[in-house]
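K.L.:
Please construct the entire structure, taking both the sequences and the accompanying hints into account.
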Amino acid sequence: MSVIDDLASEFARLPGIGRKTAYRLTHHLLKVAPEEACRLARAIDAMAERVRRCSICHNLSESDPCEYCSNPARDRTTICVVEEASDIRAIDSSGGFRGLYHVLGGCLSPLDGIGPDELNVESLQSRLDENVREVIVATNPSVEGEATAAYLHKILDPRGIRVTRLARGLPVGGDLEYADGVTIAQALAGRRVI
Amino acid sequence: MPLVTTEATVLKTYEYSETSKILRLLTRDLGLCSVIAKGARRPKSRFGGLLEPFTDGEATFYAKEGRELHTLSGFELHRERQALGRELVRYAGAGLLSEIVLRFAPAAADDELFFQLRRGLDHLVEENGDLEIVILQQAWQLIERLGFAPSIDRCTLCGAGIVGDEDCFFDLGGGGAICARCRTRTSGLSLRPLKPRARAELIGLLSPRPPLPAARRLETAPAQRDLLRDFIAYHLADHRPLNSFRFLEERLR
Ligand SMILES: [Zn+2]
Ligand SMILES: [Zn+2]
Numbered sequence: 001m002s003v004i005d006d007l008a009s010e011f012a013r014l015p016g017i018g019r020k021t022a023y024r025l026t027h028h029l030l031k032v033a034p035e036e037a038c039r040l041a042r043a044i045d046a047m048a049e050r051v052r053r054c055s056i057c058h059n060l061s062e063s064d065p066c067e068y069c070s071n072p073a074r075d076r077t078t079i080c081v082v083e084e085a086s087d088i089r090a091i092d093s094s095g096g097f098r099g100l101y102h103v104l105g106g107c108l109s110p111l112d113g114i115g116p117d118e119l120n121v122e123s124l125q126s127r128l129d130e131n132v133r134e135v136i137v138a139t140n141p142s143v144e145g146e147a148t149a150a151y152l153h154k155i156l157d158p159r160g161i162r163v164t165r166l167a168r169g170l171p172v173g174g175d176l177e178y179a180d181g182v183t184i185a186q187a188l189a190g191r192r193v194i
Numbered sequence: 195m196p197l198v199t200t201e202a203t204v205l206k207t208y209e210y211s212e213t214s215k216i217l218r219l220l221t222r223d224l225g226l227c228s229v230i231a232k233g234a235r236r237p238k239s240r241f242g243g244l245l246e247p248f249t250d251g252e253a254t255f256y257a258k259e260g261r262e263l264h265t266l267s268g269f270e271l272h273r274e275r276q277a278l279g280r281e282l283v284r285y286a287g288a289g290l291l292s293e294i295v296l297r298f299a300p301a302a303a304d305d306e307l308f309f310q311l312r313r314g315l316d317h318l319v320e321e322n323g324d325l326e327i328v329i330l331q332q333a334w335q336l337i338e339r340l341g342f343a344p345s346i347d348r349c350t351l352c353g354a355g356i357v358g359d360e361d362c363f364f365d366l367g368g369g370g371a372i373c374a375r376c377r378t379r380t381s382g383l384s385l386r387p388l389k390p391r392a393r394a395e396l397i398g399l400l401s402p403r404p405p406l407p408a409a410r411r412l413e414t415a416p417a418q419r420d421l422l423r424d425f426i427a428y429h430l431a432d433h434r435p436l437n438s439f440r441f442l443e444e445r446l447r
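Keeping their order, the protein sequence lines are chains A and B.
Oh and the first sequence: position 12 is 12 in our numbering, straight run, nothing missing.
Oh and the second sequence: position 59 is 253 in our numbering, straight run, nothing missing.
Treat the hints with caution; some may be incorrect.
Claimed, not checked - Here are the computed lysine to aspartate or glutamate pairs in the DMTMM-like style, where the Cα-Cα straight-line distance is at most 20 Å:
#, chain 1, residue 1, chain 2, residue 2
1, B, K232, A, D180
2, B, K206, A, E83
3, B, K232, B, E209
4, B, K206, B, E262
5, A, K154, A, E134
6, B, K238, A, D180
7, A, K154, B, E281
8, A, K154, B, E444
To be verified - Below, a sample of chain B positions facing chain A; criterion: calculated Cβ distance under 7 Å:
#, residue
9, S211
10, L244
11, P247
12, S267
13, E270
14, L271
15, E274
16, G279
17, L282
18, Y285
19, A286
20, G289
21, E293
22, S438
23, F441
24, E444
Derived by calculation from the structure, the hints in this document are not laboratory data.
Don't be surprised by glycine CBs; every beta carbon is placed ideally from N, CA and C.
P.N.:
Printed below as a string of structure tokens:
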């Protein structure tokens, strides 16, 4: 296999990239200045070399503990549980949360053979010292995410920890008229006094 | 490229690319199908939050000849079963029913199988009694519908009827009961004792009428669990237990 095929087949292994796109990317890199291609290679190399899982929250970070776990300004009474490390960026950039995070590494899925043992549940439990008062479950609004939240509630509630779930409802900017039945039903169930 | 509109139940979803989802559906008209729902993961997708496991609706897609993956163009919600996610045993049971269908249903219309699955999922949502009875019952009934029902009234070797209090054996390989007399003639490793009580409860799980009342618990629950798990593994799944079965067993422990 040529080095061109080699690179293209590496690209093709990335999510959402088919063979055609893989060759398009490869040929793009052949057209640009060699320094530019090398910069991409170095960035990938550095990332693979330096990014690790935080030993406390399983976030992906260059430092261990990660920038959230080691930041004394973060609120240590609340832990927000997410499915993947990539969810942290979305929640944190909203500016609405200043506590700590915990990455589960997925959610419960019977068909995929993913039970609590396959997720970072034990390490979550071991983090629950006397400081932690609330766990916010921010798993996806899917059946799997819901089941994972139900499981966490079941094991954390007896420990006297407040377990909350992100509200589900109408998307901001969405039009009620076009919302689907499931979303409207959940928005109704999650209504609050104004 | 004909446009198909058919009733469908979503069995499983997979994330695909940044914005799309692949759905495995049991459809009324085409049996098991895979469709891609482009853009379904965008918050403002026209599919909204509908494309979730255990949801019933009317799916419209372009069925391409010779293609495995069709492109979903619409999904009209008939019934969602998000409530299954709120309790783990129900969720595990729904996963088991879905996995049985996913692994063994044909890619062809089968009305009875289609409605059997829907009834099973509805039972799981609504049942207030013993969930384990409902799960085992619904799983066996899907297996019967798929044509793998074990023979339990008669010895699979000599054909003699087995009476109520008779000790007998269950032969996983042969797919049914074996009387004590025939026991000596077989040397299969897949043989296990089937006590009269366990056999009676198995009959109750297998035949829909009269079903075992879910108001009480199975006396032989562990034996029934083992039997169903091993039967599926032996007959349907290349000797490997289904993923969702392990998940279910852990929840019931
Ligand atoms: Zn951390
Ligand atoms: Zn016999």
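K.L.:
Can you name, in rising order, the numbers of the hints this structure does not satisfy?
P.N.:
12, 13
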